[in-house]
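Peer 1: Here is what each chain is made of, one letter per residue.
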Amino acid sequence: MRYLPHTPEDIASMLEVVGAGDVDELFRTVPQDCRRSGELNLPDPLTEWELNDHMASLVRGMGVSPEYKIFMGAGSYDHYIPESVSYLLGRSELTTAYTPYQPEMSQGTLQAIYEYQTLVSRLLGMETANASLYDGGSALAEALLMAVRITGRKTVALSSLIHPLYRRVVETYFQPTDYVLVELPYTGSGTTDTTKLNELDDLAVVAVQSPNFFGCIENMERVGQEAHARGALFVAAFSEPLAYGLFKSPGTQGADIVCGEGQSLGIPRTFGGPGLGILASKMQYVRHVPGRLVGQTKDRDGKRGFVLTLATREQHIRREKATSNICTNNSLCALTAAMYMASLGGTGIRELARLNRDKCEYLKKQLASAGNRIVFETPTFNEFVMEPPQGFDEVYQRLLAKKIVAGLPLKPYYPELAGCYLLCATETTSKADMDLLVKEIAS
Amino acid sequence: MRYLPHTPEDIASMLEVVGAGDVDELFRTVPQDCRRSGELNLPDPLTEWELNDHMASLVRGMGVSPEYKIFMGAGSYDHYIPESVSYLLGRSELTTAYTPYQPEMSQGTLQAIYEYQTLVSRLLGMETANASLYDGGSALAEALLMAVRITGRKTVALSSLIHPLYRRVVETYFQPTDYVLVELPYTGSGTTDTTKLNELDDLAVVAVQSPNFFGCIENMERVGQEAHARGALFVAAFSEPLAYGLFKSPGTQGADIVCGEGQSLGIPRTFGGPGLGILASKMQYVRHVPGRLVGQTKDRDGKRGFVLTLATREQHIRREKATSNICTNNSLCALTAAMYMASLGGTGIRELARLNRDKCEYLKKQLASAGNRIVFETPTFNEFVMEPPQGFDEVYQRLLAKKIVAGLPLKPYYPELAGCYLLCATETTSKADMDLLVKEIAS
Amino acid sequence: MREFPGATGLILNEPLLWEKGKKGRCGMSLPRRDVEPAPLDEALVGEGPDFPDLSEIDVVRHYTRLSQWNFGVDSGMYPLGSCTMKYNPKINDKQARLQGLAGAHPLLPPELSQGALRLMFELERLLAEITGMDAISLQPAAGAQGEFAGMLIIYRYLHSQGSRRTKIIVPDTAHGTNPASAALCGFRAMHVKSNDEGILSPSAIAEIMDEDTAGIMVTNPNTLGLFEEHIREIAEIVHAKGGLVYCDGANMNAGMGVFDVGRMGVDVLHLNLHKTFSTPHGGGGPGAGPICVKSHLERFLPVPRIVEANGGYVLSEDYPESVGKLHSFYGNYGVLVRAYSYILSMGAELKNVSRLAVLNANYVKERLKGTFHLAYDRPCMHECVFSDKLQHDYKVTTLDIVKRLIDYGFHPPTVYFPLVVNGAIMIEPTETECKEDLDLFIDALIAIAKEAEEDPELLKEAPTRCKVRRLDETSAARRPCLTG
Amino acid sequence: MREFPGATGLILNEPLLWEKGKKGRCGMSLPRRDVEPAPLDEALVGEGPDFPDLSEIDVVRHYTRLSQWNFGVDSGMYPLGSCTMKYNPKINDKQARLQGLAGAHPLLPPELSQGALRLMFELERLLAEITGMDAISLQPAAGAQGEFAGMLIIYRYLHSQGSRRTKIIVPDTAHGTNPASAALCGFRAMHVKSNDEGILSPSAIAEIMDEDTAGIMVTNPNTLGLFEEHIREIAEIVHAKGGLVYCDGANMNAGMGVFDVGRMGVDVLHLNLHKTFSTPHGGGGPGAGPICVKSHLERFLPVPRIVEANGGYVLSEDYPESVGKLHSFYGNYGVLVRAYSYILSMGAELKNVSRLAVLNANYVKERLKGTFHLAYDRPCMHECVFSDKLQHDYKVTTLDIVKRLIDYGFHPPTVYFPLVVNGAIMIEPTETECKEDLDLFIDALIAIAKEAEEDPELLKEAPTRCKVRRLDETSAARRPCLTG
Ligand SMILES: Cc1ncc(COP(=O)(O)O)c(C=O)c1O
Ligand SMILES: Cc1ncc(COP(=O)(O)O)c(C=O)c1O
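Chains as they are written, first to last, in our numbering: chain A, 1 to 443; chain B, 1 to 443; chain C, 1 to 484; chain D, 1 to 484.
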């Protein structure tokens, strides 16, 4: 087997050194009743070539672009990824290393993550960011736990327009705690209704997503003020950070902690993971931040270098008192996002964000004039909710057969919006495809 | 444009240093009548994404595996290429460097090519090999010119079973010379008929390919003896070096110079190029060898290192007296072949060569029992000539429609073999596909 | 003998991204605009991030240079204990790049995602066979999240039994994520010492296991690389008091084809696919930490679950007692693809993987004991733990020893963990290292031990070959500079 | 100011392939055998090659380590004069990997290879537009083979005129391949000096051009980076005597969108796609050297030629006067794909490519003149040529200077070429280098010039940062060791 270098002679001479008659002897500390009775019952090993064939047949029939036209975002966005970035991710000194515990031989990872922390902080308008968390859902959960720790209060107010699946993760993280999760309803214009805040006491944090799940831009500044007025923290969440290339960043709107999903920053969708859990914070809260942090320092000769720092927050030092249990994070995805942001640059991200928005507005306009109702009038980024005329379900199925996925049906997530669909257009969505969709829906 | 870093400010400040008002001024030494009248009339630049679409549509309809079953070799062979090799070829310190003129910062290329020279020499049973030539055709031409230089004689005897296209290249290289090219006919058993040698005088070299174009194993030892008996050199050519994993190598059969095409050593077909021109020689002729040579040496501290050597043979030193005009060669393909040979190893290449041969024998047997004539009884490696029953042309066309390419029609190359086909099977040809071919031909 | 890999050569300085570039450059091809600019409420518009503008070559050179300051498994031996830094086959990465998977939207209708779902379904079955457990969720994004999921399952199970418990037993050899995950689930970690053989003694467990204790988190093989021989008896003690047994299976590379975790009395187990199943560690992740349970706990597994339905596969939320969702979607799918592709490439050869991993560890242990103090001189599993005890006389510490190892061209082992061994040096060679490379590594450590006696300064000054020398971590933490 | 890139860091020693491995290992997945072993005449069977047996990780580490001893365009600035070491866009490599091309057999029936043929057809048209020539063959595998093809075309043309000529004019600035290619075609190279402005004077040509001279090989811009201003007059002189003008177009990066080679009076031109059109140099190749002719020579171009036929493309051999075949198939197709993809990405922007290449060269020239002796102080094209004249007083040579440049982290320029300049230092920055990097490079050379005065030993000892120091080339040639 090409992955196992041992020849019979190697094994023999090694056993001699070890003083064992055969390899089984090395397992003598494993009691019989802890062992499996039979041999592994697994399929015959595939050669590299059989594996390729197997995988090729496995993915046949998957509904992916370019074969399929997919107008669905909802937390997983289709953006172009430069070949230069894909190429650089093949640099195996970076991909086959682990957490940079030995900084002297990990400066590549460390500088890259330090740069990631910086770029992400700049994108979100925050003072600092960690080295990554798993995904948008766990990032939100960690951000809320962090807010509760900071304020010492128990009530957590969550906008109902935060990605429904992120909120599901939050529920999971909070179930063994005695903190109270309160959901804030939404208004007819598609933004969070905060009036309920008045009824809440011991309020630790108010969390809102912008652009929210309906693609609408929230008035983060107002939400932030309301939170702060109640001595609570303002946590801003996101699923589409590209929006901040154009729209105001959470940091400039008073967010104390910003968290979300970074998949759209150059990371392929890959059926939902790995994505990138982003968590950024005001510097004053840095010692409450979960996960790894890379910091700049000097070596013995005064030369600039980078290390993992503030480790006393972390499980391997603090154990049960750590700010989080996270150890392995999504470092390579953070690196990808950094490469992507570096490739785009400030000028590029502005233009790209603008293009995303304009494409989406075009689709919105065309669908509207084709007789579909645009449900919320609040400005959106690259997603919006539409209500097609009655009996669209069949149309939706018919379009699937034509290899068009006409957005995400909202019913499972917002029963009151049965018959409404969340549509998405990015820079990868051509005018031609949008016109096709509009035509097909109409016909 | 992402490949052009200059900002308007850069250009302005650089022009200032240069003391030119604008960039056009820098072209003032170019007379008007040497300039084009209008602007470049080229298609609008494509974005990376438009380019991908364009190329995808361009290759649509190309007849390639796995969609097509291609039983054609004839100098271009389908072998599995390990993903590890493809990955390593992405190491851009190797791919974006040029000829290692500065050895201290090119040791990677140099050691790799030194290893290539060694592995190729071992495969061919020769004492030394150069750093690569363009392809099999030019390698043969260079080998013959080298033989003529060494012997100072004028007559070159070429087996008619050397790849016809290689011989075409030889004709091109020899046309401006007064050397005489003589073709040796072939026998009914599919090997070279050397009786004609007796009629030749001033014989410089006898060149034979084994396995020859019909896939037959030549009796190289005998040919070598006949050449040497006449004071001529014996040049052994090849198009499928994998054969030497199983069959006797040219070096062990008395070849003075060995040349051929290395495409089958891990290099994709890519419509015929880049391939790998291999040239190996006895050490005594090394100063007549064309092209680059890498040699081992020591640095000032006595440390082992590698350099380009014996450069006095080459055009950049010797100019018109050089052993060849070659400068840029096919270095990266040599590197690929080295990676491939290293991955296979001695044990692996033996097994793989054996499998190629067995697959081909199976196909041969099946086709024979299905009523197709196997034209030559001489043992073959992974190719052979078959003559199907009358009227096969339509069958051949019908099979194309079924995405099967039933070998290469020999008529264009050997008119006397009209109606005969050269078929090939390698390790990538599954029994199922071979059975399918046999069935389809029969039906 | 072959020379040690460590050498110095030309590498290239590279500034920080924002120390490069010029406004107006762009390193990415921006798509052609085929729609009109839409009106935009200026009040919503922000500044846009202050990113440097770089051309494509700037970006390519930046990361090419950075990569050369790094050391990965592809660079050389990386015997980081407890992390199973084995070779990551390139072919597995290729499978994860298949557009049919890389391009797949997680919320596609099931009829458009059968292949992706089938892979998950089959991977669950394969892992069940390998572990001896009954049901599996692939959702946890890493080991720690797997632990948390496991704690939640235990928490939910106890609730379903109408019992609320506040404590959980965590041995002193446990990885830091264990107590942290327990705490995240509201359990107080009750620490229990391992015995002088480095494993848990049933009596110690019996002593503290009570009706207020949810159960035990045991790592097996434990972080000393030793098999918890009394695991079954311990499980009985815990079960007898109504608790459950959680097994941290991060070290499963020791026992594939040998262990039956189910038979050990374990109720919940997590695996680290990025360790045992060869997925690249990515400089710190992503990983995957599937959670495996016995059938009586299946109903608590995270949702959605992949189920077979009339010849196909669907995602089902229909598990009312489930602990819920841990990941926005289904976990780190790209990592699952690589593990699946690895398992299909190995088949029953996985048993040899573990056998050779254990052989390599024992070989290193035998050859180095005497040179370094062996914490527990017993047959080890996939890793062995030494300490700097014998070097104390020369005022040389574990840190000095491993920093010197860098100069020899090897990645250091895990150090100062597990905590039960002072100055621990935890070596996990993995099965993909050949004997020659092991010998080279061992000889390097022997040479370093000699240097420690004869010229300790060599160790104190190490590493000297890297781009930077030892870094000042103290001031980094005192005055944190986390962004530029 | 930014620090110079040159630094030292950890790299890894790596033995030769056969100093590693153990019989029985294999680094490649061998296909499953689905047929019986066939009988085999043992008399034919050989030993099989004595290759080392390595596992996959051995091979991966071997080449990963070797790659780190190398310097490429992706590592940093590589101003190798006459080689146009510009950035090689990754997207072009991706196109060449498309299975529809990479998997294509060259002898497929035309109906199965339309895409591959169309690419060649279109690339010919694109190159014709860029050069101003009429007809093109993409077959030559590199520049030198393009030159040879050009010589053959001239040879054949003269034959068709019933004239046999034995000589050809080759300026002293010509690249070594020029006379070598001429010789391969049986022409005796008649050397002609360039004038004190570094270019050819018509009078010099008129003097030696005669009826026994086949024509002239002129490189334009020439290897001094200067435009041959009298090219047209020279062409007239040559044509008047019945000769033809061959232009070595390796330096076309200077004039895209500006030059019209056709109008210059050139009959035959070769291009280097691996230079002007950004294909990776691969450590020495593969390249591609398409040959471009005016219509009166089209009939002599190599066969097969790609022709349009009823809406599709076919390969035609039907050119009785063709010089024949130069390549087994159609040339280095994979290189053609990259150049095609580059041209489609640039379009008319190619003019800017040349404008900026020329701007960069002139900027370097201006900033360095004075520090180093500028061979010809005139406006240069894509490159400029200095010498070590000013450093002679300090006993410092061009070799010393550029070896020191390595320590600063740059690849040296081309040295000791062209031969007309003693101790030539030939700098071609290319357009893909930004001003900041040019400044860094220039400052390094200025610093080195200062070192030459103050501490020449620094230069004599250089390079000190690489894995090896200066290598003994003399003994390498005296006792050649070419295989291990
Ligand atoms: C024994 C043990 N348990 C748990 C973990 C945590 O796994 P992860 O880092 O994937 O969260 C690790 C890995 O660091 C470990 O070694
Ligand atoms: C001016 C000039 N002519 C010809 C050549 C030869 O081209 P190639 O190396 O592709 O054969 C070169 C490149 O080395 C060159 O610089």
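Accuracy of the hints is not assured; some may be wrong.
[What the hints assert, rightly or not] Only pairs whose alpha carbons sit at most 20 angstroms apart, straight line, appear in this in silico PhoX-like list of lysine-lysine:
1. K298/B / K94/D
2. K435/D / K22/C
3. K94/C / K94/D
4. K435/C / K22/D
5. K167/D / K321/B
6. K411/A / K431/A
Honestly, the hints are just simulated from the structure, not real lab data.
Peer 1: Give a verdict on every hint.
Peer 2: Status of each hint after checking the structure:
1. K298/B / K94/D: violated (39 angstroms)
2. K435/D / K22/C: This hinted pair holds, its Cα atoms lying about 10 angstroms apart.
3. K94/C / K94/D: Given pair K94/C, K94/D holds - Cα atoms ~14 angstroms apart, limit 20 angstroms.
4. K435/C / K22/D: holds (10 angstroms)
5. K167/D / K321/B: OK: K167/D and K321/B at ~15 angstroms, within 20 angstroms.
6. K411/A / K431/A: The given pair, whose Cα atoms are some 28 angstroms apart, is violated under the 20 angstroms limit.
The structure is inconsistent with the numbered hints 1, 6, although it conforms to all the rest.
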